[in-house]
Amino acid sequence: MSQSNTTMNLTMYRISSWLKSPKPYLMFIGFGFVLSFWYFSVEVWKLPRFQDMPALTEVLEEWFSKDPYYGLSVYTPEYYKHIGISLRRIAYAFCLATALGVPLGLFLGWSQKLREYIFPLFELLRPIPVLAWVPLAIIMFSGSETPVIFLTFLASFFATTLNTMLGVESIDEEYSRAAYCLGASRWQTFVHVVVPGAMPYIFTGLQISIGVAWFSLVAGEMVSGQYGLGYIINTAYIMVQYSQIIIGMITLGLFGYITSALVRVAGDYMMQWRVRELALGGD
Amino acid sequence: MTINKFLSKLSGRAALRGVIAIVIFIAIWEFGSRSLDLIGWRMPFVGLIPPPSDVLASWTGLFMEPSYWQSWYMSFLRVFTGFIVAMIVGIPLGLYMAINRTFYGIAFPSFEILRPIPPLAWVPASIIFWPTQEMSIAFVTFLGAFYTIVINVLGGASSINRQYLQAAQSMGASQRDIFRRIVLPATLPSIVVGSAVGMGITWEVVVAAEMISGGGAGGGASGGLGFFIWSSYVGGSYEQIIVGMISIGIAGYISSELLRKLGGRFTPWLKTR
Amino acid sequence: MSTLEKNDSMPTTGAIRIEDVVKVYDPDGAAVMAVDHCSIDIPAGEICMIVGPSGCGKTTLLNTIAGFHGLTSGHIYLDDEVLCGPGKEKAEPGSDRIVVFQNGALFPWKTNLDNIAFGPMMEGKLSKAEIYDKARRMMVDAGLEGTEDSYPGEVSSGLRRRVEIVRALMNEPKVLLFDEPYRALDSLTKSVMHEALLDIYYKNKVTIFFITHDLEEAIFLGHRLIIMSSRPCKPKKIVEVDIPHPRDYSVLTSPRFREIMNEAKGVVNEEARKAFEAGEKEG
Chain S
1 MSQSNTTMNL TMYRISSWLK SPKPYLMFIG FGFVLSFWYF SVEVWKLPRF
51 QDMPALTEVL EEWFSKDPYY GLSVYTPEYY KHIGISLRRI AYAFCLATAL
101 GVPLGLFLGW SQKLREYIFP LFELLRPIPV LAWVPLAIIM FSGSETPVIF
151 LTFLASFFAT TLNTMLGVES IDEEYSRAAY CLGASRWQTF VHVVVPGAMP
201 YIFTGLQISI GVAWFSLVAG EMVSGQYGLG YIINTAYIMV QYSQIIIGMI
251 TLGLFGYITS ALVRVAGDYM MQWRVRELAL GGD
Chain D
1 MTINKFLSKL SGRAALRGVI AIVIFIAIWE FGSRSLDLIG WRMPFVGLIP
51 PPSDVLASWT GLFMEPSYWQ SWYMSFLRVF TGFIVAMIVG IPLGLYMAIN
101 RTFYGIAFPS FEILRPIPPL AWVPASIIFW PTQEMSIAFV TFLGAFYTIV
151 INVLGGASSI NRQYLQAAQS MGASQRDIFR RIVLPATLPS IVVGSAVGMG
201 ITWEVVVAAE MISGGGAGGG ASGGLGFFIW SSYVGGSYEQ IIVGMISIGI
251 AGYISSELLR KLGGRFTPWL KTR
Chain P
1 MSTLEKNDSM PTTGAIRIED VVKVYDPDGA AVMAVDHCSI DIPAGEICMI
51 VGPSGCGKTT LLNTIAGFHG LTSGHIYLDD EVLCGPGKEK AEPGSDRIVV
101 FQNGALFPWK TNLDNIAFGP MMEGKLSKAE IYDKARRMMV DAGLEGTEDS
151 YPGEVSSGLR RRVEIVRALM NEPKVLLFDE PYRALDSLTK SVMHEALLDI
201 YYKNKVTIFF ITHDLEEAIF LGHRLIIMSS RPCKPKKIVE VDIPHPRDYS
251 VLTSPRFREI MNEAKGVVNE EARKAFEAGE KEG
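Listed in order, the protein sequences are those of chains S, D and P.
Going by my numbering, the residue at position 113 of the first sequence is 113; the numbering climbs one at a time, nothing skipped.
Going by my numbering, the residue at position 79 of the second sequence is 79; the numbering climbs one at a time, nothing skipped.
Going by my numbering, the residue at position 235 of the third sequence is 235; the numbering climbs one at a time, nothing skipped.
To be clear, the hints were calculated from the coordinates, so they are not data collected in a lab.
Treat the hints with care, as some may be off.
[What the hints assert, rightly or not] In the DSS-like style, the derived pairs of lysine-lysine whose C-alpha atoms are separated by at most 25 Å in a straight line are:
no.	chain 1	residue 1	chain 2	residue 2
1	P	K88	S	K113
2	P	K190	P	K90
3	P	K203	P	K237
4	S	K113	P	K90
[To be verified] A few chain P residues that don't get close to chain S, going by computed Cβ distances all over 12 Å:
no.	residue
5	G55
6	A66
7	E81
8	G104
9	M121
10	K128
11	A129
12	V140
13	L177
14	D248
[What the hints assert, rightly or not] In silico contact screen, one side only, chain D against chain S (beta carbon under 7 Å); selected entries:
no.	residue
15	M43
16	F45
17	A121
18	W203
19	Y233
20	M245
Ideal placement from N, C-alpha and C gives every residue a C-beta, glycine not left out.
Let the hints inform the model, and build the full structure from the sequences given.
Take a look at the structure:
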């Protein structure tokens, strides 16, 4: 087997074969449908339900104008300020949730005893929707920034811990048995088998986690924050600046996707072995 | 999902351990929230929230209030309506994407682009679009569950063992037969899992929507449990906030359980693992 | 035992004595006897092949020796020291008895070289340089040169098996426990594997406890066959393989091979039929 297949080569190969397939064209057809549906229903046919909706052209004009009517476009600094604030909140919350959730999940998966103590409590708290914590968060934490970050953290934390724990449980028992046979202690087995073995599941969990983080962030920002993308959307609605709503939504979608992709790339980087295994298929 | 497997394997000692942790948790909560009165120093964070004993008192009082139960009813109604619609639209869409490559190529990228937009971000647009508030909440709820269900259906359908399909073809099955008797049942487990997860998300969205849009047409009781929490906060009855939180937790658990049981009926073969 | 006495480079340690072992286990409330008063004496350095139908409990026996389960009654001795018995129902897994698993338990997240070096690295008695030196030498010896830096997922399953055996041998175990390791390989690869295994055996004399369904494999490799009855398992017949070592594939067509095959086949088929009629789940 050639050992020079780096992830870069694989990515290049995948991109080039994608371009040669019908996939990109179908994709654009799909986008075309959606966008033209939007355009036609609002601006041309003026369908009843769609009358108050912001029009595609209006949104595009606004988004890309140097002097936007309502204040936010790719040229205004406020736009980036809001993006930056949302991103910063996500970063704090997600990193904290990962730093706490992964170790907790690993230990919960590994130690029967710990699981018996802690898991029932965990499962009792988890079903409470993160947003139901809003008033409590406002009461407990001073300022307007901390509650929002706390909510985002909470959602992310539950998702990460649970997925990590499930990941540990999914590891084939034979790996730890092999480690014991070879003379590893329990702790050594934990470090060399459980942690690397759970990695794929951890990263899938992290992608879910960042999704729920954005979800909670937006909700938190809409309710009690100042600044941020959720705040923009809410304010734009209240101030009847509908095109801003759409700009906010699209920006959210874009950054949600980017952050999720970043997590996935980080995962691929840390798990070279898996990338190669999946690509080459071994036997 | 895991809590049930966990519970079924419980030994007496394990159950005891779980209970101990919960008791300690409640004890810290009780002590911390009363810390100012008890030891003259207010414990950070915990010191600001109402103690469990007050919460319990408030809750027992609410059992008699019809408006409390009506909140339950409204939230449940919204969750299930949104969820059922999400299944009606999402399952066929997912299945069709799974069997028709061209359709997948057209629809999936657009689906994936829209998916990262949190359902709540759709609330304002939804309110503008739909005539009534109820419908706008229902739409957002639908979105929340919809994405999860579609993704799970796709995942389930794509991992069907090719050999099942080949076996069917060699036995002379038609396309329709293959769909009805292989693709559909094989995807059912994923649909069930997707639904359980989707249910959780649906609750999140319903609660959020109820809090944000400030209740239903009648305000007050018809606002659902989310609104109940928010108005308790605004009205200063902090114990009720926690009652509301716990109520939603229980309601969420009940709905997931119902779904799992129902799902179990459709997939009896999974029980024989 | 005549086959063993011919060879004077037999090890002095690694004799296993299984004495009246019973194993009953209790999945979901129905007590199932897996091993029924089983007694086997394996001298040091012997290749002992355990043959029997699926699900008869052979793996349970192996797991008990390895220390993954406890036994219900009876004793197992390793060189006259009690491995497990009343009062100590479960042996400790250790590097004196290493298992090679059916589906392979090479750690996919470590390179082949790191996998092989794993045991001694965990035990920490030698320096890292010494360990890796030895690992490289053993890989060359086993014909694995060039695959050191590949991941298990990148190489063929036959190669993976060999790496796993070398990994086990690095720890200089007294006993190697094989749980149908070649079951999933095609018969061409299997024959190559058999010769490779014998080659490794001739260079590193260890006691081998090898579970298999495959009669040909058993006769080709083993000094003795112990044919087990269907569940609960108990030795039904012992067949001596007095074909001299070192052996090569020409042995497969020798008349003596044919004779032994006939001797064993009748018994094996009878037990297999019983298991089939009882509707045994795959062991």
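Here is what the structure says about each hint:
1. P:K88 x S:K113: 22 Å, holds
2. P:K190 x P:K90: 33 Å, violated
3. P:K203 x P:K237: 30 Å, violated
4. S:K113 x P:K90: Holds: K113 of chain S and K90 of chain P sit about 20 Å apart, inside 25 Å.
5. G55: 18 Å, holds
6. A66: A66 of chain P is in fact no farther than 12 Å from some Cβ atom of chain S, at 6 Å.
7. E81: At roughly 18 Å from the nearest Cβ of chain S, E81 of chain P sits farther out than 12 Å, so the non-interface label holds.
8. G104: 8 Å, violated
9. M121: For M121 of chain P, whose nearest Cβ neighbour in chain S is about 9 Å away, the distance does not exceed 12 Å, so it is violated.
10. K128: 15 Å, holds
11. A129: Its Cβ never comes within 12 Å of chain S, the nearest being 19 Å, so this holds.
12. V140: 18 Å, holds
13. L177: 8 Å, violated
14. D248: The claim holds: D248 of chain P sits with its nearest Cβ about 26 Å from chain S, beyond 12 Å.
15. M43: Result: violated, 11 Å to nearest chain S Cβ.
16. F45: OK, holds: F45 of chain D within 7 Å of chain S, min 5 Å.
17. A121: 5 Å, holds
18. W203: 5 Å, holds
19. Y233: 3 Å, holds
20. M245: 5 Å, holds
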